[in-house]
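J.: The listed protein sequences derive, respectively, from chains B and L.
Going by my numbering, the first residue of the first sequence is number 1, and it counts up by one from there.
Going by my numbering, the first residue of the second sequence is number 1001, and it counts up by one from there.
There may be inaccurate statements among the hints.
Unchecked claim - So the derived list for chain L, only partly shown, Cβ under 8 Å to chain B, looks like this:
no.	residue
1	A1141
2	M1163
3	R1223
Said to hold, decoys possible - Straight-line C-alpha distance at most 30 Å; calculated DSS-like pairs for lysine-lysine:
no.	chain 1	residue 1	chain 2	residue 2
4	B	K282	B	K303
5	L	K1091	B	K140
6	B	K335	B	K140
7	L	K1248	B	K81
In case anyone wonders, no lab produced these hints; they're calculated from the structure.
Cβ coordinates follow ideal geometry from the N, Cα and C atoms, glycine included.
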Amino acid sequence: MKVLEFEAKALLREQGLKVPQGELAASAQEAANIARDLGRPVVIKAQVPTTGRMKAGGMRFADTPAEAAVMASELLSLEIKGFPVRTLLVEENISHVAEVFVGVTYDSVARTAILLASRSGGTDVESGERIMRRPVSDFKAGVDQAGREAASELGFEGQAFLNLSAAVARLIQSFAQWDALLLEINPLVLEASGQWCVADVHLELDPDAAYRHAALLARLPLSAREADRRTDFERQAAKIDSTDHRGVAGRLVPFGGNLGLLIGGGGASLTIMDAVFDTGLKPANYCEIGGNPSVWKIKELTKLILSQPGVDQLAVIMNVVSNTRADLVARGVIKGVVELGLRPSDVISAFRVPGSWEAEGQDILRHYRVRFYGRETSIDQVVEAIA
Amino acid sequence: MTILADAETRILVQGITGREASTFTLESLRYGARIVAGVTPGKAGQQVHGVPVFDTVAQALQAQPCQATIISVPAPFVHEAACEALKHGLKLLVIVTERVPRADVVAVLAQATAHGARVIGPNSLGIISPHLTRIGMCGGAADAVHKAYSPGSVGIISRSGGMMTEIANMLTQAGIGQSTCVSVGGDAIVGTAFVDLLPLYEADPQTLALVCFCEPGGLFEERLAEHLRANPSRLPTIAFVAGRFTDKLQGVRFGHAGAIVEGARGSPSGKVTALREAGVRVAGKLGHIPRLVKEALASEA
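For reference, chain B alone in the conformation it holds in the complex (with noise of 0.2 Å):
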């Protein structure tokens, strides 16, 4: 998950590091409040899980309240990258004389965490010449002298140098301790006093360690929320899905063609995906389907997919099954369409499931007319077929 930069602050000032005094505000108004009350000029931030904020004018810096009112107005009427504006970070414009690029993240040649550093901070950073990259194979040992190694290559000296190679250390730490994918403080500016503050932030936690970070989570809900940008198609199969247990059937994603897909596992349903494509079909949905997925949650599926405006076909693709049973799939596709009044024989344009139980689902589908294909033929045999 992609964590706002307000609630990745409030993270980091926890773990000891410096950031800027600064507010969430959702309107004009409460912007100008949050300026007056820091008393100082301030730099006004859209909260969106995305890079280039910048770059889309979503930083605006304002010296009086009247002019933060402003600028959180234009502000709140923006979209950057897809996301509409929603939150407003106001906080102090810190003034500094060095900045540098401090980042964690995974390395998947090396197979090891790594920490990059660069005296050159700023929009263009992997553009830069001299970024210092360091594998960082132990959370534990070794990190306060990793911290060391990157503050005196990037050049500094005296206290700034020992601010700097604490706050990488514990940048280091921090990244292990909330499982994150990426830390990355972007820039990280050194102020007149020898303190380091976070200027920006891009925090991205691991999904998949969710379970072991409860509390963490919990305090992250703006954050949740903009992660859950589901349109309703999405948001109702993945209902389908969380209702039964039996099986996969996620990630569903609308395409907005004519053609519905029922098709997976997952390698299975990229390759169909290209091969409708390059036979100029118009696919309204992409989706993965796998791990046996019970005849009520097929069923569901081909009822969702058919009931998007346009779709008027359903192909039913998956590679050679092996825990998938063939039989259960044409069973649930069949009930979907005939409980929505359908033909299977008009709507299915190709069922091509082979596999465990597949002269069982072959039967069902035989009586109605479907047309089916088996192992013989390949997957995109099958979409030109249709095409």
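Take the given structure of chain B and dock chain L to it, following the hints.
T.: Chain L in isolation, oriented as in the chain B frame:
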């Protein structure tokens, strides 16, 4: 010969009393796999389809020496189970569990490296050397495995377990058998990637060609391409890259660190280009794979 596993490989199953593990244990035994022991803490003395269950890996190995283990425990216990296997000298770990936290995966892989062991997965459906053995659950029930997989000379490495069986089935339909097929796992970080398995296949006289099933994300394909450019292989390689349609949908990256680590790479179209430049025969359609394999085998003969 095959790679990683043959009919003699003695297999342990950690988490053997679980619903899924118990099912694949039965079907693997029917297929001929030598599953000789299982571990579930607190269930020593039980049997699962005739396989004795022990409380600890140490006890299991004392009674039944093994060369490989299948880890099929719930995600929160994978780290502990893998470390226990490594501590007691197992050198081949197949982790089938999905949704293991990234930090745990990285910690297990570091331990495996320290112990000189190989990890397949996590989120792998396993390894199969047709008609000899299966370590995991690829292909499902024994009779279904017999329909899809047949022994022969083509290795398959796949990021999707389901599509590994699909491709094996296509080859079998075309009269082309397989040497060893490996489902490397669908996660962003896995213990063994294409490039790690290539030398094993090259050293196996039975294997004459390789098929790779590729997906968007990560640098597994790019690394294979780099390796092949620097070290031309005796094995003709055929690849299929799924998910080309996602090129158009690529979401904006969150933060800059990902771009620094991976650069602009990772997209399906980039993978196709990199593989082609390295001499890999990339199938434009999935259905082309058997023909490309036949052509490759004919030109090598």
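J.: Which earlier hints turn out false for this structure, listed by number in ascending order?
T.: Violated hint (a single one): 6; every other hint is consistent with the structure.
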